[in-house]
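Asker: Given next are the chains, with one letter for each unit.
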Amino acid sequence: MSAGEENIATPGEILGDSSQFIAGKGTYLAPNGRNIHASLTGQRRLVPPPPDSAEKRLTVEVVGHKTRGAVPEPGVVVIARVTRVMARMASADIMCVESKAVKEKFTGIIRQQDVRATEIDKVDMYQSFRPGDIVKAEVLSLGDARAYYLSTAKNELGVVSAQSIAGATMVPISWTDMQCPSTGQVEKRKVAKVL
Amino acid sequence: MGPDKSLLRTKEDNKVKRAPILLEMATGTLGTYSPSQSLERRHQQQKRTDFQEVDWARSDGRNFHQCRPAFLRTGAASSASGSAYAEFGSTKVIVSVFGPRESKKAMLYSDVGRLNCHVTYTTFSTPIRGQGFEHKEYSSMLHKALEGAIMLETFPKTTVDIFALVLESGGGDLPVIISCASLAIADAGIMMYDLVSAVSLSCFGKNMVIDPTSEEEACQDGSLMITYMPSRNEVTQFTLTGEWPTARINEAMELCLDACSKLADILRSCLKDNASELTA
Chain A
1 MSAGEENIAT
11 PGEILGDSSQ
21 FIAGKGTYLA
31 PNGRNIHASL
41 TGQRRLVPPP
51 PDSAEKRLTV
61 EVVGHKTRGA
71 VPEPGVVVIA
81 RVTRVMARMA
91 SADIMCVESK
101 AVKEKFTGII
111 RQQDVRATEI
121 DKVDMYQSFR
131 PGDIVKAEVL
141 SLGDARAYYL
151 STAKNELGVV
161 SAQSIAGATM
171 VPISWTDMQC
181 PSTGQVEKRK
191 VAKVL
Chain B
196 MGPDKSLLRT
206 KEDNKVKRAP
216 ILLEMATGTL
226 GTYSPSQSLE
236 RRHQQQKRTD
246 FQEVDWARSD
256 GRNFHQCRPA
266 FLRTGAASSA
276 SGSAYAEFGS
286 TKVIVSVFGP
296 RESKKAMLYS
306 DVGRLNCHVT
316 YTTFSTPIRG
326 QGFEHKEYSS
336 MLHKALEGAI
346 MLETFPKTTV
356 DIFALVLESG
366 GGDLPVIISC
376 ASLAIADAGI
386 MMYDLVSAVS
396 LSCFGKNMVI
406 DPTSEEEACQ
416 DGSLMITYMP
426 SRNEVTQFTL
436 TGEWPTARIN
446 EAMELCLDAC
456 SKLADILRSC
466 LKDNASELTA
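Chains as they are written, first to last, in the numbering used here: chain A, 1 to 195; chain B, 196 to 475.
None of these hints come from the bench; they were simulated from the model.
The structure displayed is predicted, hence computed values, not measured ones.
Please note that the accuracy of each hint is not assured.
Derived pair list, reagent style DSBU-like, types lysine-lysine, alpha-carbon separation capped at 30 Å [as the list claims (entries may be wrong)]:
hint: 1; chain 1: B; residue 1: Lys331; chain 2: A; residue 2: Lys105
hint: 2; chain 1: B; residue 1: Lys242; chain 2: A; residue 2: Lys25
hint: 3; chain 1: A; residue 1: Lys100; chain 2: B; residue 2: Lys299
hint: 4; chain 1: A; residue 1: Lys103; chain 2: B; residue 2: Lys457
hint: 5; chain 1: B; residue 1: Lys331; chain 2: B; residue 2: Lys300
hint: 6; chain 1: B; residue 1: Lys467; chain 2: A; residue 2: Lys66
Across the chosen pairs, the derived CB separations fall in these ranges [claimed, not checked]:
hint: 7; chain 1: A; residue 1: Glu156; chain 2: B; residue 2: Gly327; range: 34 to 42 Å
hint: 8; chain 1: A; residue 1: Glu156; chain 2: B; residue 2: Ser456; range: 30 to 38 Å
hint: 9; chain 1: A; residue 1: Gly75; chain 2: B; residue 2: Ser456; range: 21 to 29 Å
hint: 10; chain 1: A; residue 1: Leu46; chain 2: B; residue 2: Ile323; range: 19 to 27 Å
hint: 11; chain 1: B; residue 1: Ser305; chain 2: A; residue 2: Glu156; range: 28 to 36 Å
hint: 12; chain 1: A; residue 1: Asp17; chain 2: B; residue 2: Ala442; range: 49 to 57 Å
hint: 13; chain 1: B; residue 1: Ile461; chain 2: A; residue 2: Ala87; range: 30 to 38 Å
hint: 14; chain 1: B; residue 1: Ser456; chain 2: A; residue 2: Cys96; range: 39 to 47 Å
hint: 15; chain 1: B; residue 1: Glu342; chain 2: A; residue 2: Glu156; range: 18 to 26 Å
hint: 16; chain 1: B; residue 1: Met302; chain 2: A; residue 2: Asp124; range: 27 to 35 Å
Beta carbons: idealized from backbone N, C-alpha and C, even for Gly.
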């Protein structure tokens with residue numbers, strides 16, 4: 001029995017009292033408001049409160065040994081592959097959420113008004129994305145039953161990697177253009193400014 | 196003209212017609228029959244009278260209030276998000292959990308997660324080989340037992356699929372499936388309020404026998420199954436069937452809840468052992 005084993009919490013286990021701790025990630029407060037229970041299997045960890053806050057209690061967290069598969073949530077940056085481009089929206093398959101790959105893809109759509117921040121009514125979808133492009137987008141909301149709503153309306157969001165008609169991986173030359181290295185042809189995309 | 200008496204069923208007609216169906220239900224097999232039905236029926240009657248006596252020995256040597264020893268492992272199916280394998284005596288179940296993953300396009304939007312449960316029996320799970328089938332009633336009971344324990348609001352719009360496969364059905368299948376499923380969900384890293392442990396109990400007239408095997412279940416008068424979340428002291432499902440003397444129900448509940456708490460400790464230690472193996 002190693003010392004680490006005593007620190008492992010399982011779902012439902014009581015981790016502490018609410019007068020001494022705050023419920024952090026992987027924990028929840030019981031309905032009676034007194035006990036803090038774990039909701040995941042993992043290591044129990046105590047986080048001290050930020051120095052400038054009035055809060056004196058430590059935060060108790062359960063850091064998952066096996067965190068569940070990644071799921072898109074509003075506000076996170078995802079990497080998606082464009083599958084269809086239509087007049088007013090583009091459909092994309094979400095493949096990574098932040099830096100974790102998903103086991104099975106989620107469907108997202110980028111609407112015309114969410115492609116960029118300026119002149120949103122003059123956006124031409126075919127000059128922003130093409131099927132097969134890899135884009136970095138932000139999840140706006142859970143959307144409807146069929147797809148998450150994505151947005152590329154920031155400088156660092158947009159097409160990260162694309163293939164030209166000739167089949168070579170293109171090089172970005174401006175925020176609206178990418179050039180094929182083998183033929184020299186310039187194609188229009190909404191390019192992400194990757195620093 | 197009066198009613199045609201030849202069409203009215205007499206009591207004798209009803210008795211003769213009902214007997215074969217009872218036999219099928221008692222032996223627990225579907226779609227098979229043995230040529231010598233009268234011999235089997237006499238066997239069943241003999242067993243029933245045996246169980247009605249005050250003192251009888253259980254086939255595996257346990258006493259009435261003793262549960263079967265449990266063998267539990269997580270991580271049995273590596274392609275699933277989470278999985279668990281449970282062996283309680285001769286009942287062997289493997290549960291795999293997939294998710295949270297995208298709901299089918301046909302489903303309407305929901306702001307809480309969805310749970311999809313399937314309980315399947317293999318062709319070799321019963322003593323007489325049958326057809327592998329999906330047990331729809333157990334699937335829905337598994338869903339009801341687990342939905343109170345999982346934090347569905349942490350994965351909106353997505354679905355968690357739970358597939359339970361019964362490799363060998365040795366009695367008390369549903370409680371084993373439920374306990375194994377809650378272990379698999381914990382292994383998948385899905386947030387839960389608490390682990391769910393389940394125990395069933397059979398009533399034979401005056402006697403109460405906990406964690407019955409399939410022969411005991413076949414001759415029981417009534418059964419009680421409780422699924423329990425011990426840390427929160429909450430019951431997620433309570434199933435009472437058959438004939439019960441009212442005074443015994445309370446005692447049966449106490450027995451079940453006690454067994455559930457002990458089983459939950461075993462579930463927790465299994466999770467901890469497997470978790471420390473990952474870090475070690």
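Asker: Could you check the structure against the hints above and give me the numbers of any it violates, in ascending order?
Answerer: Hint check: 2, 4, 7, 8, 9, 10, 12, 13 and 15 fail, others pass.
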